[in-house]
Amino acid sequence: MTAKVLNIIVTGVGGQGNVLASQVIATAAVDSGYFVSVGETFGASQRGGSVTSHIRVSKVSAYGPLIPQGEADFILGFEPLETLRTFRDYGNSSTQVIMNVRPNYPLGVLLNEDQYPDIPVLTGNLRVQSQKLWALEATNLAVDVGVPVGTNMVMTGAFAGVQFLPISFLAYETVLKGMFAGEILDLNLAAFQVGVKAVS
Amino acid sequence: MSFMSLQVNEPGRSVLMTGNEAITRGAIEAGLSFAASYPGSPTSEILAHLGRLANEHNLYAEWSVNEKVAIEEAAAASFAGLRSLCIVKQNGLNVALDSLVSIAISGIKAGMVLVVGDDPGAHSSTNEEDSRLLSKVVHIPIFEPSTPEEAKQMTLAAYELSENLKLPVTLRCVTRISHASGNVTLGELQNVNKQAIFAKKDRYVTNAALHQLQEVKLAKIRQIADTLPFNTYKGPQNAKTVIIASGPSALYAPEAVNALGLDNEVGVLKLGMTWPLPEKFLLEHMKHAERVIFIEEIESFNEDNVMALAAQHISEIYPLEFYGQKSGHVTGPKGPGVGEMDPDKVKQSIARVLGVENNQAAEKPSLKLETPDVPVREMAFCAGCPHRASFWAMKSAVALDGRNAVVLGDIGCYSLALRRTGWALPQTMHAMGSSAGIANGLGKLERFGFKQPVIAVVGDSTFFHSTIPALVNARYTRANFLLVVLDNETTAMTGHQPHPGMSKNAMGEIVEGLQIEEVVKGLKLPVVIQDPYDVKGTTEVVYKLLQSEGTKVLVLSQACALVAAKASTRPRVYIDQEQCIGDSCGCNRFCSATFTCPATIWDPKKGKALIDEVVCNRCQVCVSLCPQGAIKVEGGANLDR
Amino acid sequence: MEQSKMPLRLRQEVMESGNCARCGLCVGLCPYIKTMNERIAFIHDCNREDGTCYRVCPRTPTNLSDLDKQVFGKERADHGLGNYLEILYARSLNKDLAQAGQYGGVVSTLAAYMVESGESQAAVLTKRQNNSPPTPCLARNREEVLSCSGSNYSASPTLSILNAGVRSGLEKLTIVGRPCQILGLRKMQALTERSEHNMSAKKVDFLIGLFCFWSLETEIYTYLRGKTGSARLLRMDIPQNYGVVTTENGEIQIPIDELRAFIRPTCQSCFDPTSEFADVSVGSTEYDPEWSTLIIRSTRGQEIVNKVCNAGHLETKPYPEERLPLLLNAVINKKKRVLESLSNGKGYEYLELSSDYTQGIEEGGVGR
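Residue numbers (our numbering), protein chains in the order written: chain Z, 1 to 200; chain C, 1 to 641; chain D, 1 to 368.
FYI, nobody ran anything at the bench for these hints, they're computed from the structure. Source: prediction; values computed, not measured. Just so you know, even glycine gets a beta-carbon here, dropped at the ideal spot from N, CA and C. A few of these clues could be false.
[Said to hold, decoys possible] List time: in silico EDC-like cross-link candidates among lysine to aspartate or glutamate, alpha-carbon distance up to 16 Å: (1) Lys-606/C x Glu-634/C; (2) Lys-202/D x Glu-119/D; (3) Lys-197/Z x Glu-137/Z; (4) Lys-544/C x Glu-219/D; (5) Lys-605/C x Asp-118/Z; (6) Lys-69/D x Asp-356/D; (7) Lys-4/Z x Glu-255/C; (8) Lys-326/C x Asp-304/C; (9) Lys-552/C x Glu-517/C.
[As the list claims (entries may be wrong)] If you want the footprint, here are the derived chain C segments under chain Z, 3+ residues with CB under 8 Å: (10) 181-194; (11) 371-381; (12) 593-606.
Sequences and hints are given; from them, build the entire structure.
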C-alpha cells in the first residue's frame with residue numbers, strides 16, 4: 001500500500017445492511033494492522049434515506065471520519081442511484097466501483113415526480129467515468145444462496161475479492177466468525193464466497 | 001466489530017470501535033456501577049451495550065422514563081458512592097437541565113459523567129443544538145473528543161476529575177464521534193463490586209451559598225486544563241496562523257492544512273477541554289500568532305470564550321486577528337454555524353482566511369461525462385410501517401369530519417409524517433410530549449370561537465416520557481382533544497430500545513410492562529384500542545372519537561414493522577397484474593404514488609403496480625386499500641385481520 | 001382553477017360548495033373519496049385529469065334531453081313528470097311487506113320480487129338504524145329486503161355499496177334510489193367509452209326511483225334523539241304538514257317548520273322530485289295511505305310490474321283523474337321554485353337546461 005490513505009465509501013439505502021458491511025471491512029483492516037477511521041450516518045437507516053459509510057485506511061495515522069469530495073478511491077455501492085450520487089460527489093477517474101444493480105426507488109420516483117435513471121445508461125456512465133466498474137446482481141445472488149438479506153455479505157465478498165485492500169480472505173472470515181455463529185454464520189460465509197466468486 | 005470488542009480483555013490491543021463503544025469501554029475500565037439514559041441519537045448505543053454487559057461487570061443499566069429521571073438516578077448512585085453515567089442527546093439535556101443545575105450546585109460523591117450527544121447537521125434530530133452552552137450554564141467542565149480513541153481516554157479522565165472535584169463532568173460528543181469508528185487501544189476491564197452507602201454525615205442540597213464553591217471548583221479546573229494531555233498544539237513553533245479546533249474539526253483541520261500545502265505555516269491547537277479553557281496554554285500560542293481561525297460545530301462557543309479571554313489579555317497578545325463564524329470566514333454554504341463541518345468546508349474556510357487558492361478543483365481529475373440527474377432520496381416510513389396506515393386513517397377521518405381538525409405532531413419515527421410520507425398531516429412539532437401540551441391549550445379555546453377538533457399524536461415511548469402530566473392537566477382542566485398513541489411496542493426511532501410499556505428492561509430481564517390504557521383508565525379518561533392495519537376500522541374509530549366531547553385517548557396498537565418482520569412468517573403479498581388495470585384505474589397509482597409504501601413500486605414495462613418482495617414486510621395493508629382488489633395474499637389468507 | 005381536472009372540480013364545485021346530493025355513486029370508484037355519517041369527502045387529491053366521479057355526479061353538467069333519448073329512446077313530452085308509459089295506484093298483496101313498508105309496501109314488494117325471482121342477485125337498499133343515519137344494504141333475499149323497508153328522510157349515500165357489490169362479483173342488481181341517485185346511475189350507464197368507467201352501472205338492470213321533494217341533514221337524528229330520548233325509533237313519516245315519529249313508546253308529532261330547518265340546501269336546486277329516469281317511480285299518493293303512486297316509465301318497468309302483478313304480489317288501479325293535476329302541480333311548482341331561485345342568482349345550476357325544458361315548466365308541464 002503506497003498511498004498515505006485509502007478512501008473507501010460504502011453507500012446504499014437504509015435497511016440494506018451496508019453499515020454492517022463497512023464494519024466488517026474496517027474491522028478486518030484494523031485487525032490487519034492499519035489505522036482506520038469510519039464516518040457513518042445511520043440516522044436515516046431503515047427509513048428509506050441514503051446511508052453512507054466513509055472508510056479511511058492508513059498505514060501512517062488516524063484520519064478524520066469524512067472523505068473530502070472527489071477523493072474516493074473505491075466506492076462499494078449497494079444501490080445504483082446511491083452509487084451514482086456518491087460517484088458524482090466523491091468519485092474521480094481513478095475511482096474503482098463495485099455496484100449492485102438492483103434499484104430501490106426513492107419517494108419522488110414512487111410519486112411519479114422524479115425519473116429514476118435508466119440502469120443501462122447509469123451503468124454505462126459509471127463504466128466510462130471510473131477506472132473500473134463491477135456491476136453485480138448482488139441481491140439476486142444473495143437470494144440464490146437463500147439469504148435475501150445477505151446482499152451486504154455478497155458485496156463484502158466482492159470487495160474482498162477484488163483485493164483493493166491487501167487483506168486476506170481469512171481476515172474477513174475471522175471477523176464474520178466473531179460476529180455470527182451457527183447457521184447464520186454459514187449463510188453469511190456462503191454469501192461472502194458468492195461475492196468473491198462474482199468478481200474473480 | 002463492535003460489541004464483541006467491548007469484551008476483549010487484552011490490554012494494549014488496538015481494536016475498531018465506534019465512539020459510543022469507546023465510551024462504553026472507557027466507563028467499564030473506569031469501574032462504572034450505575035448507568036441511566038433515555039435513548040436519542042447519536043448516543044443511544046452506549047446504554048444498550050452497558051445493558052448487555054451489566055451482569056458480567058456487576059453494573060446496573062437502565063432505560064429511564066426520561067432524561068430528568070435518568071440524571072437524578074445517576075446522581076443518586078454517585079451520592080451512594082458508585083461511579084455513574086448518564087447518557088442523553090442534546091434535547092435530552094434540555095429535559096434534564098433543571099435537575100442537573102441543582103446537582104452541580106449540591107455536588108456529588110463518586111465520579112459522575114454526563115455524555116451528551118449533539119447532532120450537528122441534525123442527521124437524526126429535529127434541530128441542531130450546541131449543548132456546550134448548557135454545560136457552561138450548569139458550571140461543569142466539558143470534554144470534547146475528536147476520535148473514538150480520545151473518547152475512551154476522556155471518559156477515564158472525566159471520572160477522575162469528577163471524583164476529585166465532586167462535580168458532574170460533561171463528555172460532549174457529536175455524531176461524527178459517536179457514530180464514527182476508529183482504532184481504540186484497550187485498557188484493563190474493571191469488575192468492581194462496590195458497596196453502596198449513603199453516609200450519615202453526607203448532605204447534598206441545592207443552596208445559593210454554594211455558588212461560591214462552584215466558582216472555586218471551576219477556577220481549579222481551569223488550572224488543571226492547562227496540563228491536560230487532550231489540549232494539544234501541532235505545527236511550527238511560532239506559526240503566524242493558529243487554528244483552534246475541537247471535536248472532529250481538530251482532524252479535518254490538519255488534513256486541510258496539509259492539502260493546502262501549509263504545513264510549515266499553520267499550527268493547529270486542539271481543545272480537548274472546551275470549558276473551562278486552558279487559559280495559559282491558549283495565551284502562549286496566541287502570543288506568537290498574527291491570526292487565529294476558529295473551527296468548531298454549531299455555535300461559536302470556543303470562539304466566543306477564547307475571544308473573551310483574548311480581550312482580557314489584549315496587551316499581551318496584540319496584534320491578533322480573529323477569524324471564524326463571527327467574521328463569516330468559517331462557514332459552509334448555508335452560513336456560519338449551520339450544518340456540520342467536513343474536510344471540504346474546513347479547507348475552503350482556511351483558504352478564504354489566508355487568501356490562498358483552494359487547489360481542490362485542480363487536483364480532482366475531472367469527470368468525463370455529465371452525470372445523469374440524481375433524484376433526492378427522502379426519508380419515508382418503512383415498508384409495512386403501522387404509522388403509514390395510522391396517518392392515512394387519521395387523514396381520512398379528518399377529511400370526513402370536515403371541520404379542519406388540527407393534528408399535532410411529536411417526536412419519534414412518526415415525526416416523518418410532517419413530510420410527504422405522512423402527507424404532511426401534522427401542523428406542529430416541538431419537543432417530547434409537546435403535542436399533548438399544545439392540545440391542552442387548543443382544547444380550551446371554544447370560548448373564543450374555536451371549533452376545530454384537535455388530535456395530538458404521540459408514540460408509546462413519548463407517552464411515558466412526558467405526555468402523562470399533560471394528560472393529567474387535560475383531565476383537570478377538561479381540555480377537548482383526542483390523544484392518539486401510536487403504540488408500536490418499542491422506542492423505534494432510536495433503534496428499538498425498551499420502555500416502561502414493555503416486558504423487558506435494558507439488561508434483558510423480564511419485567512411487567514405498564515399498559516398505556518391502564519394509565520389512561522387510572523386517570524378516568526375514555527380509551528379505545530385499535531389495530532391501525534385495519535385502516536377502515538381505524539378511520540371510523542377516529543371519526544367517532546372526534547365527534548365526542550372532552551379528553552379521550554386512542555391507542556393504535558401494532559408492532560414496528562421492522563421488529564415484526566424479523567419475528568414473523570407472514571404469507572407473501574403480491575400484485576395480480578391481471579387484475580391491476582394500471583393507469584386505467586381511477587386510483588392514480590394509489591399503492592405506489594399515494595400510499596408510497598417503498599415495497600409497492602411501478603412496473604414501467606407492464607404499466608402496472610408491482611411489489612418488491614425483498615423490501616415488503618408483508619403487513620397486508622395495501623391489500624385492503626387497492627380499489628381493484630388486485631393485491632393478494634398468498635394462499636388467500638388474510639392474517640391478523 | 002384548472003378546468004380539466006375533473007376530480008378537483010368535483011371537490012370544489014360540488015363537495016366543498018355544499019352541492020353534493022350524497023348519492024354515494026362516486027364512493028368506492030377510487031381510494032380517494034370516502035363516506036362517513038352521510039358526509040362524502042375527498043381524502044386526498046388524486047390529481048387526475050379525467051374522473052368518472054365527476055362524469056357520473058348528478059350535480060355536474062347533465063344534458064337531460066340526451067339522457068331521455070338514452071333511457072327512453074325519445075325526448076320528453078311532459079316537462080312535469082318526464083317520460084312515462086303509465087301512472088297508477090299500487091299496493092302490495094304481501095301482508096308482511098305491506099305492513100313493514102310505507103304507503104302500501106310497493107317498493108319492498110318490487111325489490112323482494114327481483115331478488116326472489118332471480119331477476120336480480122341483490123337489491124341496493126337503505127336500512128334504517130335506530131335514531132342514527134341509515135346504512136346502505138345489499139339485500140339478497142326477501143328477509144333482507146323486509147329489514148330495509150320503511151322510508152328514510154336523510155340523504156344517505158347508499159350507492160356507495162354498489163361499487164363494492166359489483167367488485168365482489170355481483171352481476172345483476174336492482175337499485176332503489178332517490179332521484180339524484182337514479183340520475184347518477186343513468187349518467188354512469190352512458191359512459192360507454194371505457195369499460196372500467198361504467199362497470200358498476202352496467203350491472204344495474206332495474207331502477208326503482210323514489211319520489212323525493214327534499215331530504216334532511218344528518219343532524220336530524222341528533223334532533224330526533226332529543227325528541228324521543230332513548231326510545232327506539234320504529235318509523236318516520238311526513239304525511240302533510242307535520243312529521244310523525246313512531247317509537248316503541250308511541251307516536252310523536254313534529255311541527256313541519258322544525259323539520260324544514262333541516263332541509264338540505266342542495267335539494268332546493270333539484271328539478272326532479274319523481275325520479276324521472278327510473279324504470280318505475282314510486283311515491284306517496286298524498287291522499288290514501290293504503291296506496292302508492294306508481295309511475296311506469298320504461299318498457300323494462302312495464303315488464304317487471306306485469307310479472308309482479310301476475311305473480312300475485314301487487315295490485316294496481318287507475319290513478320284517480322281528479323288527483324293527477326294535484327300531483328302535476330306539486331311537481332311543477334317545485335321546478336318553478338328552482339327556476340326562480342336560479343334566475344335570482346341563488347341555487348346551483350348544474351343541468352344544461354334547454355329553452356324547451358324551461359318553457360315546458362313555465363307552461364305547466366301539460367301537453368303530453
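Hint by hint, here is what the structure shows:
1. Lys-606/C x Glu-634/C: violated, 21 Å
2. Lys-202/D x Glu-119/D: holds, 15 Å
3. Lys-197/Z x Glu-137/Z: At roughly 12 Å apart (the allowed maximum being 16 Å), Glu-137/Z and Lys-197/Z satisfy the hint.
4. Lys-544/C x Glu-219/D: Holds: Lys-544/C and Glu-219/D sit about 15 Å apart, inside 16 Å.
5. Lys-605/C x Asp-118/Z: holds, 13 Å
6. Lys-69/D x Asp-356/D: holds, 15 Å
7. Lys-4/Z x Glu-255/C: Holds, at roughly 12 Å.
8. Lys-326/C x Asp-304/C: holds, 9 Å
9. Lys-552/C x Glu-517/C: With a Cα-Cα distance of about 11 Å, the restraint between Lys-552/C and Glu-517/C holds, given a limit of 16 Å.
10. 181-194: holds (count 3)
11. 371-381: Holds, because 11 residues of the segment 371-381 of chain C bring their Cβ atoms closer than 8 Å to Cβ atoms of chain Z.
12. 593-606: holds (count 6)
The structure fails to meet hint 1 from the earlier list, while all remaining hints are met.
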